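*Asks:* Protein sequence lines, in the order shown, are assigned to chains L and H.
One point on numbering: in the working numbering, the residue at position 176 of the first sequence is 176, and numbering is uninterrupted.
One point on numbering: in the working numbering, the residue at position 77 of the second sequence is 77, and numbering is uninterrupted.
The set of hints was computed from the structure by calculation and includes no laboratory data.
Just so we're clear, the structure is a prediction, and the values are computed from it rather than from any experiment.
It cannot be assumed that every hint is accurate.
[Said to hold, decoys possible] Here are the simulated lysine to aspartate or glutamate pairs, DMTMM-like style, with alpha carbons at most 25 Å apart: (1) L/K211 / H/D133; (2) H/K158 / L/E118; (3) H/K158 / H/E5; (4) L/K211 / H/D98; (5) H/K158 / H/D98; (6) L/K211 / L/E103; (7) H/K179 / H/D163; (8) H/K158 / H/E66; (9) H/K158 / H/E129.
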Amino acid sequence: MIRGFSPNDILFLLGALRWTALLAAGAFVGSAVVGLVLATMRLSRFRAVRWLAIVYVQLVQGIPLLVWLFLLYFGVAMLGFNVDPWLAAILGFSIYGGAFLGEVWRGAMGSIEVTQWEAGAALGLSISQQLRHVIVPQSVQIAIPPTIGFLVQLIKNTSLASTIGILEVTREGQLTSAATYQPMTVYLVVAALYFALCFPLTQWSRSLERKFNAGR
Amino acid sequence: MPVVEINNIVKRFGSNTVLDDVSLSVDRGEVITVLGRSGSGKSTMLRCINGLEPIQGGSIRVDGVEVNDPACDLRVLRQNVGIVFQSFNLFPHLSVCDNITLAPRIVQRQAREHSRDLARGVLRQVGLEDKLDAFPNSLSGGQKQRVAIARSLAMHPKVMLFDEVTSALDPELTGEVLKVLEGVAAAGMTMILVTHEIGFARRFGSRVVFMHHGKVHEIGPAAETLANPQTAEFAAFLSAVLH
Ligand SMILES: Nc1ncnc2c1ncn2[C@@H]1O[C@H](COP(=O)(O)OP(=O)(O)O)[C@@H](O)[C@H]1O
Ligand SMILES: [Mg+2]
Numbered sequence: 001m002i003r004g005f006s007p008n009d010i011l012f013l014l015g016a017l018r019w020t021a022l023l024a025a026g027a028f029v030g031s032a033v034v035g036l037v038l039a040t041m042r043l044s045r046f047r048a049v050r051w052l053a054i055v056y057v058q059l060v061q062g063i064p065l066l067v068w069l070f071l072l073y074f075g076v077a078m079l080g081f082n083v084d085p086w087l088a089a090i091l092g093f094s095i096y097g098g099a100f101l102g103e104v105w106r107g108a109m110g111s112i113e114v115t116q117w118e119a120g121a122a123l124g125l126s127i128s129q130q131l132r133h134v135i136v137p138q139s140v141q142i143a144i145p146p147t148i149g150f151l152v153q154l155i156k157n158t159s160l161a162s163t164i165g166i167l168e169v170t171r172e173g174q175l176t177s178a179a180t181y182q183p184m185t186v187y188l189v190v191a192a193l194y195f196a197l198c199f200p201l202t203q204w205s206r207s208l209e210r211k212f213n214a215g216r
Numbered sequence: 001m002p003v004v005e006i007n008n009i010v011k012r013f014g015s016n017t018v019l020d021d022v023s024l025s026v027d028r029g030e031v032i033t034v035l036g037r038s039g040s041g042k043s044t045m046l047r048c049i050n051g052l053e054p055i056q057g058g059s060i061r062v063d064g065v066e067v068n069d070p071a072c073d074l075r076v077l078r079q080n081v082g083i084v085f086q087s088f089n090l091f092p093h094l095s096v097c098d099n100i101t102l103a104p105r106i107v108q109r110q111a112r113e114h115s116r117d118l119a120r121g122v123l124r125q126v127g128l129e130d131k132l133d134a135f136p137n138s139l140s141g142g143q144k145q146r147v148a149i150a151r152s153l154a155m156h157p158k159v160m161l162f163d164e165v166t167s168a169l170d171p172e173l174t175g176e177v178l179k180v181l182e183g184v185a186a187a188g189m190t191m192i193l194v195t196h197e198i199g200f201a202r203r204f205g206s207r208v209v210f211m212h213h214g215k216v217h218e219i220g221p222a223a224e225t226l227a228n229p230q231t232a233e234f235a236a237f238l239s240a241v242l243h
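Chain L on its own, in the form it takes in the complex (with noise of 0.2 Å):
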């Protein structure tokens, strides 16, 4: 049955905008506790700990988004297990966007000159505090705008959790387009509901990188 496209509509993909916010907070938070682990396994002093964060870094970003959401949900329900699609995608999108967030962090990192830990070495400092004091405090503004940037990817790849059954707001707007036939208005109303949660940001990012620079 074909229904016009009411204000109702908008309101259930408002609401579905909460479940790709939610989402997308989920998948962060995951992505950044996988990111620092991974950053802090790159400064190990063990040739083997190091590796192994590299080979992770190589592999998660040799296969596509879309396939380790396809995998975890699809394949490991094959093995016999329920798998809760909330479960799956956060892992999903953790595994990958921590392999970029180790990255950008490790390399924010690297940018701090070896100097800089030397002058901590020579004052007494512990190798913790000079991570601490000194070369995590100047790695995180040059991280920031990157990472601001990775969360903006992110909310928008969201949107592909809509394939393994998670009512965010793509997935609201295929339904709503398919019961109205109005896919026009739909999308362009899921359009912007994206651009309203990711302008602000990218704003923000762009404001924080302005401010950086001015201070160096």
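For this one, chain L is given, so just place chain H with the ligands on it according to the hints.
*Replies:* Chain H with the ligands only, in chain L's frame:
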């Protein structure tokens, strides 16, 4: 007892022997200037003294503590050995006050209120009391280096190492840093300075060390040795620097 005692040390980077059987004993209050061509091992010797570089042979003692003993706590050692680098190496994200007080606060566990007075005190010594709350990027090269010296002084080290601390500065800024070094020496600090400032070595140095190919090639009382070098290599070096 000497403050720094270097006995027959050997330092290699791979197969490259950079310090070859170097010995040097520095008494309390001495100002040792180290001269030598680029690559002769001057910086490496300083970095061995505070354990930034491990050695492959010989021994180094600072205030009686063996630096390369695995039981030696390098963090304790480094509170006794200040080092100032050619490129300042201030922490750009911290104010001058925080640059100076970071280590006293987290390594020596001083209270924040007390540490601000400490910073003020050492800044007065280098003539920059008004820069307490400035950030490094707002300072001139000479001021940055004076803050770096103040940062090192704040740890109350037993000996201070200076690695070409005026070499990155424009000539007109060199003087202000030399003046600070002069003050530190006059206050009785034990100092080892790698420098090309022969005039400073002559006036304020107690002894001068000439390094050549990783060895102490010549050593002696500053004024006499500079006026009358005993080896052809040192004589050639001096005439190249002075002319
Ligand atoms: N980290 C390092 N790795 C390898 N070689 C080094 C390192 N640091 C210094 N060297 C080498 O040691 C020698 C002495 O260097 P250095 O102590 O810096 O000399 P100077 O300070 O007298 O100019 C040079 O040949 C230099 O290439
Ligand atoms: Mg040098």
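*Asks:* Does each hint hold? Answer for all of them.
*Replies:* Structure-based check of each hint:
| no. | hint | verdict |
| --- | --- | --- |
| 1 | L/K211 / H/D133 | 19 Å, holds |
| 2 | H/K158 / L/E118 | 20 Å, holds |
| 3 | H/K158 / H/E5 | 13 Å, holds |
| 4 | L/K211 / H/D98 | 21 Å, holds |
| 5 | H/K158 / H/D98 | 22 Å, holds |
| 6 | L/K211 / L/E103 | 23 Å, holds |
| 7 | H/K179 / H/D163 | 16 Å, holds |
| 8 | H/K158 / H/E66 | 15 Å, holds |
| 9 | H/K158 / H/E129 | 24 Å, holds |
In summary, this structure violates none of the numbered hints.
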